[in-house]
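Protein chains: 4
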Amino acid sequence: MRPFKLVSRDYKAEDTVIKIEGPGRPVFVGQGYCTNIAGSCAVESPEQYLELAQILKASGANMLRGGLFKPRTSPYSFQGMGREGLQILDEARRITGLPVVTEIMDLHDIDCLYDHVDVFQVGSRNMQNYSLLDALGRVNKPVLLKRGLSATIEEWLLAAEYLLSGGNWQVILCERGIRTFETYTRNTVDIGAVVMAKELSHLPVIVDPSHATGKWRMVTPVAAAAIAAGADGLMVEVHQDPDRALSDGKQSLTPENYLQLLSRIEAIAQLQNKLIQH
Amino acid sequence: MRPFKLVSRDYKAEDTVIKIEGPGRPVFVGQGYCTNIAGSCAVESPEQYLELAQILKASGANMLRGGLFKPRTSPYSFQGMGREGLQILDEARRITGLPVVTEIMDLHDIDCLYDHVDVFQVGSRNMQNYSLLDALGRVNKPVLLKRGLSATIEEWLLAAEYLLSGGNWQVILCERGIRTFETYTRNTVDIGAVVMAKELSHLPVIVDPSHATGKWRMVTPVAAAAIAAGADGLMVEVHQDPDRALSDGKQSLTPENYLQLLSRIEAIAQLQNKLIQH
Amino acid sequence: MRPFKLVSRDYKAEDTVIKIEGPGRPVFVGQGYCTNIAGSCAVESPEQYLELAQILKASGANMLRGGLFKPRTSPYSFQGMGREGLQILDEARRITGLPVVTEIMDLHDIDCLYDHVDVFQVGSRNMQNYSLLDALGRVNKPVLLKRGLSATIEEWLLAAEYLLSGGNWQVILCERGIRTFETYTRNTVDIGAVVMAKELSHLPVIVDPSHATGKWRMVTPVAAAAIAAGADGLMVEVHQDPDRALSDGKQSLTPENYLQLLSRIEAIAQLQNKLIQH
Amino acid sequence: MRPFKLVSRDYKAEDTVIKIEGPGRPVFVGQGYCTNIAGSCAVESPEQYLELAQILKASGANMLRGGLFKPRTSPYSFQGMGREGLQILDEARRITGLPVVTEIMDLHDIDCLYDHVDVFQVGSRNMQNYSLLDALGRVNKPVLLKRGLSATIEEWLLAAEYLLSGGNWQVILCERGIRTFETYTRNTVDIGAVVMAKELSHLPVIVDPSHATGKWRMVTPVAAAAIAAGADGLMVEVHQDPDRALSDGKQSLTPENYLQLLSRIEAIAQLQNKLIQH
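Chains as they are written, first to last, in the numbering used here: chain Z, 1264 to 1541; chain G, 1264 to 1541; chain V, 1264 to 1541; chain C, 1264 to 1541.
The reader is advised that the hints may include incorrect statements.
You can't tell identical chains apart in this list, so a pair holds if it fits in one copy or across any two.
[Claimed, not checked] No more than 30 Å apart at the CA atoms, straight line, and that leaves these computed lysine-lysine pairs for DSSO-like:
#1 Lys1478 x Lys1268
#2 Lys1513 x Lys1268
#3 Lys1275 x Lys1513
#4 Lys1275 x Lys1478
#5 Lys1282 x Lys1268
#6 Lys1282 x Lys1513
#7 Lys1268 x Lys1320
#8 Lys1320 x Lys1275
#9 Lys1404 x Lys1282
#10 Lys1478 x Lys1320
#11 Lys1404 x Lys1268
Keep in mind that the hints were calculated from the coordinates and are not lab data.
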């Protein structure tokens, strides 16, 4: 028997659809929808991020991503703008009407971020940060829970179980690649985990093909694979000038590439009877 | 610099399309085609295999798979019919007109198998059996080269390089899942490797979603993902009665499920401008 | 070039030896010493823990381990006594004179734990919890940093770099097994990582053979291997009654087994010119 | 229940000790002995190999390793001297009196090699080459069976089961590192697998620290760990001039380093009551 309960289809058979109440029209994530989240890895400056946000809105993205607190392997790498970037997120929401998802690394930032973001992201390194999960389980705001780099599907669903058992059922699972022996790709996107997670759980599952592959040329085909396999959406890194991005430039699409991705995805989503939200 | 040469797009930019001259109309594998290979894991008896072959032909499969020599982890498991099954393969080819692919485990079986099979399969356990690769490099017959369970993309392409450098350019690469820490699925299908292999090499790449997942319910969504990512075809396990299959029953589709798979695949293949061969 | 600086032998060639000022005589960790840390996975009750502490003191252990906050994969598992257990740790320190190491999961517990523990442990799931590392970098107390389940040696040393660059040079590295495909053992203890970490860094490296193997019968031989490879000490789970332990009973030694471990270790430590501290 | 039978301690409780009848005094592998196998990766020339053989004999090695058929990832790498090297092995055996182990890649080489070698080695890439295992199961000569790069302990023991069930009980298991995500070391030596294999099976288990680490500086500490964990011996790569070795130079010890290794090993072997054979 599986060790998880509330996240399981045995507990709740019908799909959970999450309604994200952002600054504009609500955005839905879950069965029947294909949700497109896009943005640069980090919020770099007002000029950079607001220009990008408008491009993405015009392209058809449904939600913006933008990191203020960046978990970086080295203490000497750019660590994000921190709280100084909150006004930029506010402004991006205002001018686009799109909701925003941003990563939270410390439970004590919940209050400070609460009024500025629409979805809290728990990054892969914090998937088993149970203090953080406990706190987010008591919050009335959707959580996007990335799978840990070496987390099993079971551990991923149990991390979600921390949130649901705490009272927060607005959870979006995000597959972002696992760590394997392969070195040609940054990580190995686990398409089977998308299928399995959707079979085992009623929660929506999206895919981040940018972190999973680490190479922008692979992002669109892997995104197409994700939607074809049944994923409920995508979170993609886009940057106006990937070569000058402060982080993750190699895996970022240009706005032009992102338009091509959306067009390829839309056709597959239609085959799956998934609605693209414009 | 990459260590492979002849398999590289730097050496040959245009896609290699392999023409398989079987008992009936030729079958193509490579750019512009979506090739469907299907069959039971093992040839179990004349009745079982010939009935299945006719069902698959009627379903729209382009090539039959059927193992006579089964590499089994335990010496006490069913090891395949061996040479006694050759007449069954002959008969299956005759009544369906479809070419046949079968696994070869020992280079000294090449002569005996040569007139009965259309494609030699090198299984994942033998991907680095260089004696076998050397011998198949000198043969004028296509080879389907499965990626080893823990082979890097580089090692896989270098194994193909053994074949090409020996003189045999008719090589089909087959991704079949890699070994990772995840235990809910039998193996982890590496969709990124399909994208990467096609970028690095001119050789066709197909996917075996049956071995990759180990669960029949996952086969169709993973097959859809493979074609959406750009794979040139699929090799799928089908059995009339999966519960009684002598091997791999859990991952085998019924003929009805296979028809559903083909219908889902066909729509995606059309989006990719890939021709389904009937 | 390696991306870490302060942890590197290029920056500081001589071995760092950490002096732990506990309630009794100081305990040393690093070159020239073999340090034995032992205790139950969790502090379960005053009776359980204080009895065990006295047994371990009498056995020759140099430091006690005892978890109050237990990171558990499932929200339904025993989560530890929490702050209620602090008095038990105080008492254990008082009656044995041994320093205590306990895991910290939330940076906001630093103040509360500070006067009750001698070494802060960062668990494998939190190895890349950078908020926690930042905070512990500003603390004047040794930190035992466990390697993450799928952390590379480089990422492990970079996590230590967060501590050193924050100002805290009292860091003990702890190898506790990595996640691989093998399922007969809980994790795969990476002996080569011990050798490599000691070559690359001046920091002491110890091994936790209990978590690494998950099976008590394997603990002593793996512990012997660790010391033979050059590890500076061991952290071992011991319980008076492993069958009734609230967590990790399967990998816990009985006090009798622990005495045998210490006797086998001592002989190997002598060959390495490492001092057992009594 | 475990799927293996004849290799299991349930079938045969007492340790199997293998007597290798070489050109001189017999050499034993198994409980009570610590057996040292050494040599260059490949036999490169008569001058190179015979000089090395004499040095190793004088150092105290018990058996020589020397590859004639080298399984190489790339078809463009040195593939070994092949059958031309057989006379060199003959001569090395004659002048040293030591038995020789060499890798066999093709079952059809058994006859040709039979009178020139004392132990057949099955390499990690061929651990599941069942045609080869079947053939070696019918031979009256010891087999050294390396664990596959990504083989589980269960698969490794089942590969040995092929040999025993074929009639050949003279099997030496050899752990040589598994493939993981870590890139600082070539492979990850699995010390726990040594402990586990000896607990589950009566067969002797040795360790190859050279291939496992890929770095000569790590070979001696990992070798010490292996013996401390209970391994029955070591297979080590030694070369007179590692910088000029035709293969695996980076992981080869010089003869001086090998003497240091033997001296460090001997002390640990004595603690384990294992006899060094001179």
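To see whether the hints hold, each was checked on the structure:
Taking the closest pair of Cα atoms, Lys1478 and Lys1268 come within 30 Å of each other only across two copies (22 Å); inside a single copy the shortest separation is 37 Å, beyond that limit. Taking the closest pair of Cα atoms, Lys1513 and Lys1268 come within 30 Å of each other only across two copies (25 Å); inside a single copy the shortest separation is 39 Å, beyond that limit. In this assembly of identical chains, the alpha carbons of Lys1275 and Lys1513 lie at most 30 Å apart only when taken from different copies (26 Å versus 40 Å within one copy). In the homo-oligomer, the alpha carbons of Lys1275 and Lys1478 lie at most 30 Å apart only across protomers (23 Å), although the nearest pairing inside one protomer, at 37 Å, exceeds that limit.
Taking CA atoms no more than 30 Å apart as the test, Lys1282 paired with Lys1268 passes inside one copy only; the shortest distance there is 23 Å, against 46 Å between copies. For the homomeric pair Lys1282 and Lys1513, neither the shortest alpha-carbon distance inside one copy (32 Å) nor that between copies (37 Å) is at most 30 Å. When the C-alpha separation of Lys1268 and Lys1320 is checked against a cutoff of 30 Å, the pair qualifies neither within a copy, at 38 Å, nor between copies, at 42 Å. In the homo-oligomer, the alpha carbons of Lys1320 and Lys1275 never lie at most 30 Å apart, since the shortest distance is 34 Å inside one protomer and 41 Å across protomers.
In this assembly of identical chains, Lys1404 and Lys1282 lie within 30 Å of each other by CA distance solely inside one copy; the values are 10 Å within and 46 Å between copies. With identical chains, the CA atoms of Lys1478 and Lys1320 are at most 30 Å apart within one copy only, with a shortest distance of 24 Å there and 40 Å across copies. Taking the shortest alpha-carbon separations for Lys1404 and Lys1268, only the intra-copy value of 21 Å comes in at or below 30 Å, while the best inter-copy value is 40 Å.
Comparing the model with each earlier hint shows violations of hints 6, 7, 8; every other hint is respected.
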